[in-house]
Amino acid sequence: AQSVTQLGSHVSVSEGALVLLRCNYSSSVPPYLFWYVQYPNQGLQLLLKYTTGATLVKGINGFEAEFKKSETSFHLTKPSAHMSDAAEYFCAISSGYSTLTFGKGTMLLVSP
Amino acid sequence: DAGITQSPRYKITETGRQVTLMCHQTWSHSYMFWYRQDLGHGLRLIYYSAAADITDKGEVPDGYVVSRSKTENFPLTLESATRSQTSVYFCASSSGSFTETQYFGPGTRLLVL
Numbered sequence: 001a002q003s004v005t006q007l008g009s010h011v012s013v014s015e016g017a018l019v020l021l022r023c024n025y026s027s028s029v030p031p032y033l034f035w036y037v038q039y040p041n042q043g044l045q046l047l048l049k050y051t052t053g054a055t056l057v058k059g060i061n062g063f064e065a066e067f068k069k070s071e072t073s074f075h076l077t078k079p080s081a082h083m084s085d086a087a088e089y090f091c092a093i094s095s096g097y098s099t100l101t102f103g104k105g106t107m108l109l110v111s112p
Numbered sequence: 001d002a003g004i005t006q007s008p009r010y011k012i013t014e015t016g017r018q019v020t021l022m023c024h025q026t027w028s029h030s031y032m033f034w035y036r037q038d039l040g041h042g043l044r045l046i047y048y049s050a051a052a053d054i055t056d057k058g059e060v061p062d063g064y065v066v067s068r069s070k071t072e073n074f075p076l077t078l079e080s081a082t083r084s085q086t087s088v089y090f091c092a093s094s095s096g097s098f099t100e101t102q103y104f105g106p107g108t109r110l111l112v113l
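Residue numbers (the numbering used here), protein chains in the order written: chain U, 1 to 112; chain B, 1 to 113.
Quick caveat, the hints were computed from the structure, so don't treat them as lab data. Where hints are given, some of them may not hold.
To be verified - On the chain B side, residues computed to face chain U include the following (Cβ under 7 Å):
hint, residue
1, G42
2, L45
3, F90
4, F98
5, T99
6, T101
7, F104
8, G105
9, P106
10, G107
11, L111
Quick reminder that beta carbons are idealized off the backbone N, C-alpha and C, glycines included.
With the hints as constraints, model all of the structure from the sequences given.
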């Protein structure tokens, strides 16, 4: 069985501050891990994904995530938040040949 | 237009009625998916299709029916709508299996009265 847990349904940051969204996973086989972003009234779009190889993955809009097997984590970071980053972020996992399982999402709020 | 589209974008219906949500993609992706999004649950897979005429159940298939006679279309039917099926429905497609990037449509907001 596979699962992801996103810590914190809401995260608030000030513009210019570090963004850290947490995701922990559970999988009995090597996982593929994803971060998707959903802007209001839109569908999801891929931010970044980890398949194999380099554990630090860079995505769009300045986001990056690091795969840490020992900690079973795939946290999403961005050095400096922008107002346009306000959205809901979903961590997702696919391992083996199983379907994609999404976390419950974290709403990122950015204040000026 | 290129991409993945869903129709209608908004739908209000009554319990017991049949409703069909449409999904169309122009990339010739082999895989297509239907998800529902509910507060506190994230996205949950309803059905998916690996190719035309090949469909399979996801996590929450009860009360839904799908078909895929053409690669580009993947309609989702609620045979007898219930209030618990009030949700936002997303269609997605990908070129490969579940480890590939999925591309999402804009969603259909369904309200069942």
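Hint compliance check: list the failing hint numbers for this structure, sorted ascending. Hint 11 is the one this structure does not satisfy, whereas the remaining hints hold.
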